[in-house]
Amino acid sequence: MDLRFTPEEEAFRTEVRAFLAAELPADIRENVLLGRRLRKDDVVRWQKILFRHGWGAGMWPTRFGGAGWSVVQQHIFDEEGAAAGAPGQLPFALRMVAPVLMTFATPAQQAYFLPRILSGQDWWCQGYSEPGAGSDLASLRTSAVRDGDHYVVNGQKTWNTLGQYADWIFCLVRTSSEGRAQQGISFLLIDMKTPGVSVRPIVMLDGEHEINDIFFADVRVPVANLVGEENKGWTYAKFLLEHERTNNAGIGNCKRELARLKQIAAGQRAGGRPLIEDQRFRDRITQVELELMALEITNLRVLSKAHREAQPAGPEVSLLKIRGSEIIQRLAELQMQALGHDALPYVREGLDAGWTPDPLLSQHFPAYAPPLSGRYFNYRKTSIYAGSNEIQKNIIAKMILGL
Amino acid sequence: MDLRFTPEEEAFRTEVRAFLAAELPADIRENVLLGRRLRKDDVVRWQKILFRHGWGAGMWPTRFGGAGWSVVQQHIFDEEGAAAGAPGQLPFALRMVAPVLMTFATPAQQAYFLPRILSGQDWWCQGYSEPGAGSDLASLRTSAVRDGDHYVVNGQKTWNTLGQYADWIFCLVRTSSEGRAQQGISFLLIDMKTPGVSVRPIVMLDGEHEINDIFFADVRVPVANLVGEENKGWTYAKFLLEHERTNNAGIGNCKRELARLKQIAAGQRAGGRPLIEDQRFRDRITQVELELMALEITNLRVLSKAHREAQPAGPEVSLLKIRGSEIIQRLAELQMQALGHDALPYVREGLDAGWTPDPLLSQHFPAYAPPLSGRYFNYRKTSIYAGSNEIQKNIIAKMILGL
Amino acid sequence: MDFRYNDEQLAMQATLQRFIERDYGFTERRALAASASGFSTAAWTQYAQLGLLALPLPQQFDGLGGGAFDVMVVMEQVGRGLLLEPYLTTVVLCAGLVADAAPPAMQQALLPQVAAAQCKLALAAYEPASRYELAQVATTATRSTAGWQLSGFKAVVLDAPSADAFIVSAREAEGDGLSLFLVPRTAAGLTVSSYPTQSGARAGDVQLAKVSVGADALIGTVGGGLAPLEKAVDVAIAALCAEALGIMSALNQATLAYLKTRKQFGVAIGAFQALQHRMADMYIAEEQARSMAIIAADRVAGADAAARRRAVAAAKAYIGQAARQVGQEAVQLHGGMGVVDELIVSHYFKRLSMIEQTFGDTDYHLARFAQAAPVP
Amino acid sequence: MDFRYNDEQLAMQATLQRFIERDYGFTERRALAASASGFSTAAWTQYAQLGLLALPLPQQFDGLGGGAFDVMVVMEQVGRGLLLEPYLTTVVLCAGLVADAAPPAMQQALLPQVAAAQCKLALAAYEPASRYELAQVATTATRSTAGWQLSGFKAVVLDAPSADAFIVSAREAEGDGLSLFLVPRTAAGLTVSSYPTQSGARAGDVQLAKVSVGADALIGTVGGGLAPLEKAVDVAIAALCAEALGIMSALNQATLAYLKTRKQFGVAIGAFQALQHRMADMYIAEEQARSMAIIAADRVAGADAAARRRAVAAAKAYIGQAARQVGQEAVQLHGGMGVVDELIVSHYFKRLSMIEQTFGDTDYHLARFAQAAPVP
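So the protein lines, in turn, are chains U, A, W and F.
For the first sequence, the numbering used here assigns the number 2 to the initial residue and increments by one for each residue that follows.
For the second sequence, the numbering used here assigns the number 2 to the initial residue and increments by one for each residue that follows.
For the third sequence, the numbering used here assigns the number 9 to the initial residue and increments by one for each residue that follows.
For the fourth sequence, the numbering used here assigns the number 9 to the initial residue and increments by one for each residue that follows.
Because the hints were derived from the structure by calculation, they are not lab data.
It should be emphasised that the depicted structure is a prediction, and the values quoted were computed from it without experimental measurement.
It is possible that part of the hints are untrue.
What the hints assert, rightly or not - One side of the interface only, derived from the structure: several residues of chain W facing chain U at Cβ under 7 Å:
{"id": "1", "residue": "Ala163"}
{"id": "2", "residue": "Val164"}
{"id": "3", "residue": "Gln206"}
Unchecked claim - Not everything, but these chain W residues come out facing chain F in the computed CB check (under 7 Å):
{"id": "4", "residue": "Gln272"}
{"id": "5", "residue": "Phe273"}
{"id": "6", "residue": "Gly274"}
{"id": "7", "residue": "His285"}
As the list claims (entries may be wrong) - Straight line, CA to CA, 20 Å or less: simulated DMTMM-like cross-link-like pairs of lysine to aspartate or glutamate:
{"id": "8", "chain 1": "W", "residue 1": "Lys239", "chain 2": "W", "residue 2": "Glu141"}
{"id": "9", "chain 1": "A", "residue 1": "Lys41", "chain 2": "A", "residue 2": "Asp123"}
{"id": "10", "chain 1": "A", "residue 1": "Lys306", "chain 2": "W", "residue 2": "Asp15"}
{"id": "11", "chain 1": "W", "residue 1": "Lys268", "chain 2": "W", "residue 2": "Asp224"}
{"id": "12", "chain 1": "A", "residue 1": "Lys49", "chain 2": "A", "residue 2": "Glu31"}
{"id": "13", "chain 1": "U", "residue 1": "Lys239", "chain 2": "U", "residue 2": "Glu317"}
{"id": "14", "chain 1": "A", "residue 1": "Lys256", "chain 2": "A", "residue 2": "Asp168"}
{"id": "15", "chain 1": "U", "residue 1": "Lys233", "chain 2": "U", "residue 2": "Glu243"}
{"id": "16", "chain 1": "F", "residue 1": "Lys271", "chain 2": "A", "residue 2": "Glu131"}
{"id": "17", "chain 1": "U", "residue 1": "Lys263", "chain 2": "U", "residue 2": "Glu80"}
{"id": "18", "chain 1": "W", "residue 1": "Lys268", "chain 2": "U", "residue 2": "Asp137"}
{"id": "19", "chain 1": "F", "residue 1": "Lys268", "chain 2": "A", "residue 2": "Glu16"}
{"id": "20", "chain 1": "W", "residue 1": "Lys271", "chain 2": "U", "residue 2": "Glu80"}
{"id": "21", "chain 1": "U", "residue 1": "Lys306", "chain 2": "F", "residue 2": "Asp10"}
{"id": "22", "chain 1": "A", "residue 1": "Lys256", "chain 2": "A", "residue 2": "Asp284"}
{"id": "23", "chain 1": "A", "residue 1": "Lys263", "chain 2": "A", "residue 2": "Glu243"}
{"id": "24", "chain 1": "A", "residue 1": "Lys41", "chain 2": "A", "residue 2": "Glu350"}
{"id": "25", "chain 1": "U", "residue 1": "Lys306", "chain 2": "F", "residue 2": "Asp15"}
{"id": "26", "chain 1": "U", "residue 1": "Lys49", "chain 2": "U", "residue 2": "Asp168"}
{"id": "27", "chain 1": "U", "residue 1": "Lys399", "chain 2": "U", "residue 2": "Glu317"}
{"id": "28", "chain 1": "U", "residue 1": "Lys41", "chain 2": "U", "residue 2": "Glu243"}
{"id": "29", "chain 1": "A", "residue 1": "Lys306", "chain 2": "W", "residue 2": "Asp10"}
{"id": "30", "chain 1": "A", "residue 1": "Lys49", "chain 2": "A", "residue 2": "Glu16"}
{"id": "31", "chain 1": "A", "residue 1": "Lys49", "chain 2": "A", "residue 2": "Asp168"}
{"id": "32", "chain 1": "U", "residue 1": "Lys194", "chain 2": "U", "residue 2": "Asp123"}
{"id": "33", "chain 1": "U", "residue 1": "Lys399", "chain 2": "F", "residue 2": "Asp15"}
{"id": "34", "chain 1": "F", "residue 1": "Lys268", "chain 2": "F", "residue 2": "Glu238"}
{"id": "35", "chain 1": "U", "residue 1": "Lys306", "chain 2": "U", "residue 2": "Asp3"}
{"id": "36", "chain 1": "F", "residue 1": "Lys271", "chain 2": "A", "residue 2": "Asp137"}
{"id": "37", "chain 1": "A", "residue 1": "Lys399", "chain 2": "W", "residue 2": "Asp289"}
Quick reminder that beta carbons are idealized off the backbone N, C-alpha and C, glycines included.
Given only the sequences and the hints, what does the whole structure look like? Please build it.
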């Protein structure tokens with residue numbers, strides 16, 4: 002047993018910290034730390050900065066322009082980035098489509114798409130779920146029918162995250178209805194500017210536009226945009242899933258939000274004292290803090306095993322997903338609860354970059370307050386998306402426990 | 002909405018209270034209130050006292066010698082009895098076999114058995130569960146084969162409560178293996194003194210002998226001891242189940258144990274103060290107290306509906322069983338927790354009537370201490386027996402929610 | 009003992025159910041929440057016509073003399089329909105306080121107006137530093153020749169933007185008791201800032217800069233305002249518990265229906281036992297919450313202040329937790345459909361969350377219960 | 009970073025697993041618990057032969073110089089086998105305290121004896137009124153010509169009946185610091201009453217009536233006993249966490265096996281999704297508990313007392329709750345088979361319950377964590 006990072010890893014942490022201190026723009030940092038709405042520009046700007054530093058894609062192999070980091074280095078980078086208020090890099094391009102492209106795409110596809118991802122030039126989104134195919138993804142019905150050098154795509158994708166900004170979407174589409182449901186699925190890359198693609202916003206419960214329905218009406222997609230073989234898409238999708246989930250406990254974000262919770266509770270007053278000195282509230286913080294202490298080690302155990310074996314982590318990542326989502330939800334809940342009746346106002350403009358409360362409101366409504374209730378609401382999604390926690394428990398029961 | 006008892010009910014409560022004050026023997030009361038082992042004699046003596054007062058069987062119809070109480074009166078009696086430290090009347094005779102006899106037995110069977118139950122002359126136990134048939138009762142295999150005027154019974158019953166004291170056992174036995182599993186079952190009364198009946202104690206996790214395996218080896222049972230029709234036993238068993246469960250929240254016991262918990266916590270000291278003033282511990286008490294406040298009203302809602310409709314309560318009794326068992330378990334848990342390291346000693350003689358600690362031990366180990374840990378262990382059974390809480394949730398899902 | 013609503017209460021329940029179905033569907037409700045005022049003045053008038061506004065008011069002031077269980081019936085439907093109008097604030101809380109503690113002249117002036125939908129009231133009690141403590145008040149009341157001069161700042165005053173008058177708590181000097189004053193919205197020196205709340209209705213901050221009111225603006229006695237204020241808030245909390253109950257009931261109904269219709273892997277998801285058991289837990293939570301709401305309604309009607317405080321604290325703390333469980337589980341079992349704005353489920357969830365933060369959260373009422381509970 | 013046991017640790021683990029399988033089966037263990045001493049002296053000698061008793065002791069005193077992770081390996085198996093011998097008390101707690109704070113002469117006199125199974129020690133620290141507070145000590149130490157005279161009463165001294173000597177905490181006068189003394193069992197004026205514990209091993213009360221000990225009986229400095237005592241107890245708590253972990257792991261294994269074999273309604277009950285999800289929760293609890301036990305073992309080895317206190321409090325509070333969940337669920341999922349004496353399941357459950365009540369329960373360590381945690 003050795004819980005220490007290696008000297009090389011500690012040196013890397015120092016390097017990351019110095020980089021963040023020097024390069025992370027103050028306005029982006031403020032938006033992240035206050036939980037405000039991030040604009041497309043924030044995310045893209047940060048990706049370009051990372052790219053210029055050679056860190057556009059930490060864990061990609063160097064031959065594709067990545068930094069060639071180990072999972073432990075990536076963990077350190079994520080943790081330091083979260084603490085410093087760096088935006089998380091969106092997974093859709095870097096951690097989802099890219100590994101599929103690297104493994105299954107043609108050299109031409111790789112040469113075209115990967116550099117554009119790395120540099121922040123292309124924004125990708127995911128076209129998996131459909132109205133009738135959520136957890137049961139294999140029942141998807143969006144069809145791609147071959148017509149000469151094109152597929153003609155028709156159907157609807159839903160629960161699409163941030164597709165309103167996207168240049169490209171990677172889709173699972175049905176190219177055959179023969180055999181098992183899994184067998185007729187293909188993995189297709191679609192330019193969002195293609196005629197027939199339309200995006201309909203789905204407003205989330207916090208009033209924000211974060212997800213979409215994507216409609217395909219006779220969308221003509223060049224056959225050249227098929228990844229791998231036709232009808233083998235399910236294989237690529239499973240491969241993607243394995244890679245997506247290696248690092249999904251979100252320890253860095255949880256640690257940042259725990260610290261913020263304590264700051265907020267230190268600032269709020271109850272019964273004439275700082276709320277954090279209220280034993281009940283303090284114990285509620287403690288309970289989630291203990292869970293997070295444990296999960297941080299559990300996460301490192303999973304990572305160090307994956308690192309050692311040079312394999313994607315196994316089904317134990319389901320544990321990380323379940324507890325990680327529960328912790329971030331609970332932190333958001335306690336942040337809201339800390340506000341007392343100041344959780345009630347819905348001050349939408351308070352989510353905008355640079356907002357300062359008007360003098361009246363500022364008597365009780367500090368800059369950190371406006372996003373908190375909405376974020377509590379919004380974070381209910383974390384136990385639903387990326388494989389609901391029920392699905393994760395099914396996975397544990399089947400893959401780990403053999404039930 | 003009217004939460005008050007009627008004046009008649011209040012008068013009845015006064016009468017019960019006066020009766021308990023006058024008639025409940027002090028030694029029995031002490032054993033109950035300290036959670037000590039109850040001997041057969043304690044239970045029988047109390048039944049005889051009740052019988053002399055005309056209260057041997059509160060809810061039986063008067064034509065069978067019962068007091069003809071309403072469910073509300075029975076509730077009041079149970080609640081006052083529990084508070085005063087009266088032993089609960091065992092359900093096996095009064096609430097289980099008796100309603101079956103009243104409804105399905107011959108006049109001769111009724112005339113013989115019911116008065117002996119009422120007067121405390123006969124002790125009954127239940128022969129339902131078998132090693133391979135617990136929740137799935139219909140799969141039972143104890144056989145009764147007709148041989149002239151007798152059935153010859155062979156098999157094993159388990160989870161039999163207090164059968165070591167019993168004069169009679171009512172059994173579900175298999176008289177036919179044709180048709181659905183439920184169809185070949187009969188309801189048989191067996192004299193425990195019959196040759197071939199043997200009782201093997203099962204020691205519980207608290208070290209106490211409370212349950213048994215009962216073995217039947219070529220036990221000859223007169224056909225006259227069959228209740229109702231052969232192969233109709235499942236019907237009677239279901240009828241019994243409905244009657245057994247009308248009043249199973251155990252509110253009276255829970256209220257008594259809550260009061261005891263507070264007393265214990267007031268006597269124990271933590272950090273130089275009474276433990277009950279420790280906010281954490283106090284909040285734990287509060288949480289179970291709130292649950293009990295709610296359950297008391299929920300129970301009354303169920304009872305008053307049953308009272309009004311003159312019907313056994315419906316599947317909502319599953320709610321009472323679930324929460325009632327959780328509450329009594331939690332109370333036992335907190336009582337143990339209140340003891341601090343005094344939860345560790347296993348002072349078995351401390352469960353005996355009249356025990357007083359030796360002078361050394363009494364410095365930290367009061368008379369109430371010895372039974373507490375064992376009872377915490379023992380009460381894990383309450384969410385398992387009488388239809389496990391999982392079965393109760395299945396019932397709610399199916400019968401109430403229609404899932 | 010009888011736990012049924014009586015015939016009049018059932019009639020009121022049916023009336024409100026019809027009203028919600030016909031006139032206050034989810035689409036209409038969303039439009040109202042997005043409108044300038046955040047509620048429907050037409051509906052408010054209808055409530056007056058239905059007798060809702062008069063329901064708990066004393067009969068001598070055009071009221072119907074209803075009790076806490078009558079209010080409970082209404083509030084369950086307020087929850088179910090997510091009604092946005094200031095019923096709780098104006099009728100239950102403020103008019104209740106006026107009926108309980110105000111001088112007869114003020115009662116005569118206000119209560120018939122409330123019953124007739126001519127007057128809306130709001131309670132300006134909480135302050136930036138007070139959290140949920142009604143007694144923690146920095147707003148000052150200074151005696152003047154004409155009466156009183158009030159100065160201070162009240163935060164998150166529910167339904168402030170539409171109120172015609174405010175009940176304001178203040179004290180003469182530190183250490184003195186609270187006094188309560190009726191302050192018309194038009195009083196010079198009174199400023200209202202307004203904002204929507206997370207659950208749709210409006211609230212605002214009220215600034216009082218040397219606001220003059222007459223001697224007749226006093227509600228109750230000088231320095232004796234805390235007791236009636238606390239009682240009125242307890243009555244409102246009991247009503248809020250009923251609102252939460254109505255929502256929990258509606259959420260359970262919606263979730264159960266979803267479990268029965270939504271298919272995954274070829275079967276209705278309600279066939280999965282893990283979900284069945286969680287739905288059973290939600291059912292239990294609702295039933296237990298109903299029992300607690302009944303206790304609270306029963307005790308706020310009684311004369312025993314300690315019993316009232318204890319029951320209301322118990323109900324608010326218990327229902328806060330039950331509502332959180334039911335709200336979060338309903339969202340979870342709805343999957344993605346639970347977190348979108350276009351289904352009522354998420355709106356129910358948000359309202360439940362805000363109810364927990366109103367008039368004291370679970371922790372606050374756990375503390376209150378611990379103080380109020382008799383230790384045997 | 010490496011979370012694997014090293015080869016020596018794995019060898020020790022395998023050795024203990026074989027020992028339990030061959031010599032310490034459930035039947036043997038029950039007989040031992042029912043025997044007069046409540047444990048096996050033969051096993052104790054075997055532990056010495058296996059190097060277990062020497063494991064964490066310093067090398068200059070015949071020890072093997074092992075660390076907290078070596079102890080963790082052993083204690084997991086102590087849990088799994090429900091071993092009754094006073095390993096935790098003698099080797100980890102008391103010998104650890106002697107190695108840390110006693111004068112060299114005492115170390116030389118005791119530690120090789122402990123390693124050779126020639127001496128068993130017990131800690132007489134808690135008192136009737138102290139609950140879990142090590143600092144709350146009424147036992148007095150009075151200076152005498154020969155050394156010290158001790159008077160007082162120590163409650164629930166674990167493994168007292170078999171101890172050859174006790175480490176006793178006392179103070180000169182109220183307000184003074186604690187001092188620690190080594191008191192031989194044979195000292196005049198020392199009385200031990202003994203009783204079995206709920207989980208099988210023995211404990212007892214120790215009365216000290218003017219017990220004289222020499223000046224050389226002092227461990228550490230006069231008045232400076234609390235710090236080494238608290239540290240030794242923290243080391244023992246980390247070990248206790250590992251014991252709990254071993255039990256949780258064994259319970260999960262047993263429950264999983266039961267779910268796969270026990271049939272109801274014609275199928276293995278492990279096919280029911282509600283039970284699958286609860287088993288998944290138990291798996292998660294075990295994994296998280298393992299992480300916490302690792303943190304505790306890591307930090308007790310460190311020099312930072314605040315970090316040690318914080319980590320140990322966190323681990324004990326967390327594992328207390330996780331163990332309760334796993335213990336109760338294992339019993340529940342075993343149904344009737346979970347509550348009978350003849351299966352090991354209930355014995356695991358009882359031991360977990362008693363571990364929670366030892367060296368401070370969950371609430372105690374939540375409080376300790378809150379005091380220790382740095383507020384940012």
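Consistency of the hints with the structure:
{"no.": "1", "hint": "Ala163", "verdict": "holds (5 Å)"}
{"no.": "2", "hint": "Val164", "verdict": "holds (4 Å)"}
{"no.": "3", "hint": "Gln206", "verdict": "holds (5 Å)"}
{"no.": "4", "hint": "Gln272", "verdict": "violated (13 Å)"}
{"no.": "5", "hint": "Phe273", "verdict": "violated (12 Å)"}
{"no.": "6", "hint": "Gly274", "verdict": "violated (15 Å)"}
{"no.": "7", "hint": "His285", "verdict": "holds (4 Å)"}
{"no.": "8", "hint": "W:Lys239 to W:Glu141", "verdict": "holds (13 Å)"}
{"no.": "9", "hint": "A:Lys41 to A:Asp123", "verdict": "holds (12 Å)"}
{"no.": "10", "hint": "A:Lys306 to W:Asp15", "verdict": "holds (17 Å)"}
{"no.": "11", "hint": "W:Lys268 to W:Asp224", "verdict": "violated (60 Å)"}
{"no.": "12", "hint": "A:Lys49 to A:Glu31", "verdict": "holds (19 Å)"}
{"no.": "13", "hint": "U:Lys239 to U:Glu317", "verdict": "holds (16 Å)"}
{"no.": "14", "hint": "A:Lys256 to A:Asp168", "verdict": "violated (33 Å)"}
{"no.": "15", "hint": "U:Lys233 to U:Glu243", "verdict": "holds (16 Å)"}
{"no.": "16", "hint": "F:Lys271 to A:Glu131", "verdict": "holds (13 Å)"}
{"no.": "17", "hint": "U:Lys263 to U:Glu80", "verdict": "holds (18 Å)"}
{"no.": "18", "hint": "W:Lys268 to U:Asp137", "verdict": "holds (17 Å)"}
{"no.": "19", "hint": "F:Lys268 to A:Glu16", "verdict": "violated (55 Å)"}
{"no.": "20", "hint": "W:Lys271 to U:Glu80", "verdict": "violated (39 Å)"}
{"no.": "21", "hint": "U:Lys306 to F:Asp10", "verdict": "holds (8 Å)"}
{"no.": "22", "hint": "A:Lys256 to A:Asp284", "verdict": "holds (17 Å)"}
{"no.": "23", "hint": "A:Lys263 to A:Glu243", "verdict": "violated (35 Å)"}
{"no.": "24", "hint": "A:Lys41 to A:Glu350", "verdict": "holds (18 Å)"}
{"no.": "25", "hint": "U:Lys306 to F:Asp15", "verdict": "holds (17 Å)"}
{"no.": "26", "hint": "U:Lys49 to U:Asp168", "verdict": "holds (16 Å)"}
{"no.": "27", "hint": "U:Lys399 to U:Glu317", "verdict": "holds (12 Å)"}
{"no.": "28", "hint": "U:Lys41 to U:Glu243", "verdict": "violated (27 Å)"}
{"no.": "29", "hint": "A:Lys306 to W:Asp10", "verdict": "holds (8 Å)"}
{"no.": "30", "hint": "A:Lys49 to A:Glu16", "verdict": "holds (18 Å)"}
{"no.": "31", "hint": "A:Lys49 to A:Asp168", "verdict": "holds (16 Å)"}
{"no.": "32", "hint": "U:Lys194 to U:Asp123", "verdict": "holds (12 Å)"}
{"no.": "33", "hint": "U:Lys399 to F:Asp15", "verdict": "violated (31 Å)"}
{"no.": "34", "hint": "F:Lys268 to F:Glu238", "verdict": "violated (44 Å)"}
{"no.": "35", "hint": "U:Lys306 to U:Asp3", "verdict": "holds (13 Å)"}
{"no.": "36", "hint": "F:Lys271 to A:Asp137", "verdict": "holds (9 Å)"}
{"no.": "37", "hint": "A:Lys399 to W:Asp289", "verdict": "holds (13 Å)"}
Of the numbered hints given earlier, the model fails hints 4, 5, 6, 11, 14, 19, 20, 23, 28, 33 and 34; all others are met.
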